[in-house]
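**Q** The lines below spell out each chain.
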Amino acid sequence: MIKARTIMTENVITTKENETIAEAARAMLSKHVRCLVVTKDNMPVAVVTQRDLIKGSLNKNPSKVKVNGVMNKKFMTIIPDTTYQYLVKKLREEKIDKFPVVENNKLVGIITETDIIDATRDFTRFHQIMQEVILAVFGLVTAFVLFFFSPLGQYITKIIS
Amino acid sequence: MAKISRIMFTDVPTLKKGANVSDAAKLIASKPHGCVVIVEGEKPVGIITESDIVKNLVSKKINSKEKVTRIMNSPITSLSHDTTLEKANKIIDTKHFRRYPVIENESLVGLVTEHSVVQAANDNIRFHRNIQNAVLIMFVIFEFLIFILNEYLFNFVRYIV
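Heads up: the sequence lines are chains U and R, in that order. Take the first sequence: its letter number 114 is residue 114 in the working numbering, and every next letter is one higher. One gets the working numbering by counting positions in the second sequence from 1 and adding 1000 to each.
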């Protein structure tokens, strides 16, 4: 079972409700992230995505709009032991793609769609390798069994015994 | 083989080359796709993502009245509508973009995201693995039957004859 702890990004870029969206945009660009977690007392209270910043800046001055006017609550707080399968289910069924990870009332990481894609890709590779290994083992066993019960196999067995 | 046309969005947000950046920002903010494809006639010639808008408009690098051609990413990496999921997955693995316009005879017909391709490829592999396991289990039963037949039935027939 893959746990959130192994696939999360530990370095979470955060912002505060009273910062402007221009500052939030600068933070996103300088840290190369597409989402910021809005925190209060070190706990996540909302998230801000690039889309929120764009919506907030339409016909407005980004230096005058505060983060609390554009942030959204479409996220789900999880613990480090939450499983990958649970995250995929939430992403597929409820379209939630931001999962701040909290441990002992402290924000310790975040899982976004990108982390889930990477984990899925690793999973796919693992499945492919497993598939090939199982095929190879069964192929060898089948070849052995068919040979063993063939006239030549029986003849060789007789000679050996 | 599953094709990407099965998982693509067909309602792609598009703009003509003459549109300005604020049109692109409005369109991106109103649709869930996270990008807008710039077309010349039916042919896709560029793509603008949320990141490009945040980079240029929200952080005030350019004026909202500028043409979209100033900030669009061009040339684009597009996928043909009959590309298989497996091949698309490989292309995405090397390019690392998040969205790919889908074309048919040089005309834009859809849009696929990295996430939908990776997820669909994973589902595909799991499905094939399940079928493969079913076939392998049948082989095991077959081998077992050969063994039983050889050990007991054939001896019994020989004894009777």
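Since the hints were made in silico from the structure, they are not lab data. Glycine residues also receive a C-beta, built at the ideal position from the N, C-alpha and C atoms. Any given hint might turn out to be false.
Which bits of chain R does chain U cover? Going by a derived footprint, with three or more residues having C-beta under 8 Å, they are [unchecked claim]:
1. 1008 to 1014
2. 1023 to 1035
3. 1044 to 1055
4. 1122 to 1129
Lysine-lysine pairs mimicking DSSO-like chemistry, simulated, CA-CA at most 30 Å apart [said to hold, decoys possible]:
5. R:K1095 x R:K1003
6. U:K60 x R:K1095
7. R:K1003 x U:K89
Calculated from the model, a selection of chain R residues having no Cβ within reach of chain U, i.e. all distances over 12 Å [to be verified]:
8. E1040
9. G1041
10. T1069
11. S1078
12. R1098
13. V1135
**Q** Hint by hint, say whether it matches the structure.
**A** Results for each hint:
1. 1008 to 1014: violated (count 0)
2. 1023 to 1035: holds (count 5)
3. 1044 to 1055: holds (count 5)
4. 1122 to 1129: holds (count 5)
5. R:K1095 x R:K1003: holds (19 Å)
6. U:K60 x R:K1095: Violated: U:K60 and R:K1095 sit about 35 Å apart, past 30 Å.
7. R:K1003 x U:K89: holds (24 Å)
8. E1040: Consistent with the label, R:E1040 stays out of reach of chain U, its closest Cβ about 24 Å off (over 12 Å).
9. G1041: holds (27 Å)
10. T1069: Fine: 19 Å to the nearest Cβ keeps R:T1069 off the interface.
11. S1078: holds (20 Å)
12. R1098: Violated: least Cβ distance 8 Å, not greater than 12 Å.
13. V1135: violated (9 Å)
Violation of the numbered hints given earlier is confined to hints 1, 6, 12 and 13; the remaining hints are satisfied by the structure.
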